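Undergrad: Respectively, the protein sequence lines represent chains A and B. For the first sequence, the numbering used here gives the first residue as 6, with consecutive numbering after it. For the second sequence, the numbering used here gives the first residue as 6, with consecutive numbering after it.
Mixed in with the good hints there might be a few duds.
Said to hold, decoys possible - Computed beta-carbon distance windows for the label pairs:
id, chain 1, residue 1, chain 2, residue 2, range
1, B, F65, A, K224, 37 to 47 Å
2, A, K224, B, K20, 53 to 63 Å
3, B, A445, A, K224, 47 to 57 Å
4, B, L453, A, S246, 56 to 66 Å
5, B, E376, A, T253, 44 to 54 Å
6, A, G257, B, S295, 49 to 59 Å
Just so you know, the hints here were simulated from the structure itself, not pulled from any lab data. As the structure is a prediction and not an experimental result, all values here were calculated from the model. All residues carry an ideal CB built from backbone N, CA and C; glycine is no exception.
2 protein chains.
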Amino acid sequence: MSLSAKLARFIVDTKYEDLPHDVVEFTKLCILDWLSSAIAGSVKPSVQMVDQLAKELGGFEQATLVTGGRTSVANAALVNGAASHVVELDDIHKGSIIHAATVVVPAALAVAEWMGKSGKDLITAVAVGYDVCFRIGEAVSPSHYYYWHNTATCGTFGSAAAVAKLLELDEKQIVHALGNAGTQAAGLWEFIVDGAMSKQLHTAKAAMNGLLASLLAQKGFTGPSKILEGDRGFFKAMSESYDETRITNGLGERFKITENSFKIHASCRHTHPAVDLIIRAKKEHSLQPSDIRKIHVGGYQSVINITDNPNPQTVYAAKFSLQYCVSLALVKGKAGLPDFTEESLWDPEIRSLIPKVELTLDSAVNDAYPEKWGSVVEIETQDGKRIQLSTEYPKGDPEHPVTADDLVAKFRELAAELSEEQINRYVETVLSLEKVESAADFWKAATLV
Amino acid sequence: MSLSAKLARFIVDTKYEDLPHDVVEFTKLCILDWLSSAIAGSVKPSVQMVDQLAKELGGFEQATLVTGGRTSVANAALVNGAASHVVELDDIHKGSIIHAATVVVPAALAVAEWMGKSGKDLITAVAVGYDVCFRIGEAVSPSHYYYWHNTATCGTFGSAAAVAKLLELDEKQIVHALGNAGTQAAGLWEFIVDGAMSKQLHTAKAAMNGLLASLLAQKGFTGPSKILEGDRGFFKAMSESYDETRITNGLGERFKITENSFKIHASCRHTHPAVDLIIRAKKEHSLQPSDIRKIHVGGYQSVINITDNPNPQTVYAAKFSLQYCVSLALVKGKAGLPDFTEESLWDPEIRSLIPKVELTLDSAVNDAYPEKWGSVVEIETQDGKRIQLSTEYPKGDPEHPVTADDLVAKFRELAAELSEEQINRYVETVLSLEKVESAADFWKAATLV
């Protein structure tokens, strides 16, 4: 049996009734957290441009856009996939380095709405979608991540898996769907140099491409049977080394969605461990920016590859600048969505701290990655004091968890433009999703005033 | 200036009036040849499935489908991009190993129709699109080709370039469009093992993805400025080695579209040099299948990577089997579209020849590749005669050219289901395309009876 065939069997075999209670509860939190990011992102320029594109092309009114209106499931996956990634507050799985929500949920939700599937069906599809892409991401981590944006590449499989589950494809069809998801997998990190909008295109397209793969498989369209392990398949073409056992270890026994992490800070996850430590140090030592002589941050390799940028030129780029985020956290004591603004980008106090932040590779931290996304920080004050802190996990990781209340609070913050009634309705709908008869009701809150 | 910026300047600067007469004439032949393949492919199952998908999703009636009806430009690029690749008779550029028509023309034609652009605009856009993707394909050849389907990956840039030209994007916008074309580039060869339908998905998606990149750039959506040469860009991520000079050498001076080759045999281009030799040998020596003791074919590495298959199980796979194609040519004296059927796939005479065909790497042939797609053949007859033949170029290459009449004859063969009036109208329209005021008229023949 090929790896795709094993994943296909898992997808077919997984029923809502088999999901442990904590998996169901956790999946709902993932969907709520997704919605926070999608609503907050819906007004951003890059998302508005994708929305314009979808509205320019048109499509049957099958699914709801978080930007407003209804369109085809493909376009809805595209727009909602862009919207939920732009504020950089969406969830992340550290073993696979994947933000699964922004790819899996838009595709699953669009198809569930279109087909009038139940809340239980949606939960099952999302749990399955996360599982598939987490496993694939783990199999190619960390080497794949140097060039490729795992969320986009591996996420495409997750979208296909979730949609395949909702379409009730059989095992053979799912093998084709996964094959054609993998052969569409794309998304290079090169955009990060420019802080370009491509990151939202990646998640948008991953959601849409996986969905297209499964819709095609439903019609009999065939794909490669060994897209993962084949000689010219995904593993060999797109990673230096890979571990096939990650695909099947515990498959159908442990649902990996519960390994997912949630983000509290509005920056790239790789900045979070250091930002957590800075916030803690500021609080414990009542640090003021003027107290600082030097801040040394030791991180793993990806921190350096992705976030070593001492001079971000856009708000977006600032979220990917370790030096900026650390300086911001030292000034403000937090790094939430309202803290990243055009004003704060050029704030002289923050800018004056940036040259004092030094980032280097820490070999112990790096060795523990990607299982642990740690950081070591040493702060040297003007009066010669040295404050040393370290962490193995950023806040929001399963080992350092947030609560459902934390996530509802985050939803309230990110959806602040909505009315109280809408916010309550959304929270209520998602947190009792297993009781929702038709996923079309998911968006009912949007029609309230 | 980045490579993308240089390409962008070339795209902006190229005007119809600057195109040499032979480039205009040749471009029209490329479009006619594209239409042959698109019409012949439009009824094939994989294309019908993509057509069903497009019709399921819907879209504004902006552009015409070769399968019938009108839909959004994105869907039209998708369906027409699938249709024109499936019969394996579309054009090929050997330096870049790209079938440009099936990606560039569907995108350009859809946008030209939508925007009522002139035939001259369409010709210019197609010439520019070919040029861009040929250069990128040459830069990464041959190493990229081991894992990646150049037509899909590099073709995405060609689609974006052609559409950018039609949308009259400025240089900055085109850099973004190329960046987001490259970060969507995908298409792995793994499907070939199964003879799966992914190959049509590749061209369909490349056409659509490039188009989306340019439509987004028009709205201000940004992309990586150095998608080609950047540290985490297309070249480094997706090829073992690359040659940047291929992007700029002669850019704007020599239009590379005239290096394009046309296919007469209905199989993978890599089988053509050997098939040409077999047909010649059969004719010159009046060979019968029963005369054959052994056929030895020496080819370049890609012949072995892509077409070494002594036991094809589908008609489609047979087109990618060197052993099958050589045996078919020996039996029939040709290998046109009507020669690849379910019946011929299992023909005992052809099947009995297959084990007599031996394929090995020929180092001289391999060294000359990809500039020359050559072959050496030695036929050993039952009576001990040895017939040796060799070629450096398959028929249809610029060095071994076909005529406009050959391509009109090919159109007549592939569009045989159409009425004589429709065929004449299509040929007339395309061969005088520079006089067509609105590209919407391109499809007028479809409405005739």
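Undergrad: Of all the hints given earlier, name the ones this structure violates by number, lowest first.
TA: Hint check: 1, 2 and 3 fail, others pass.
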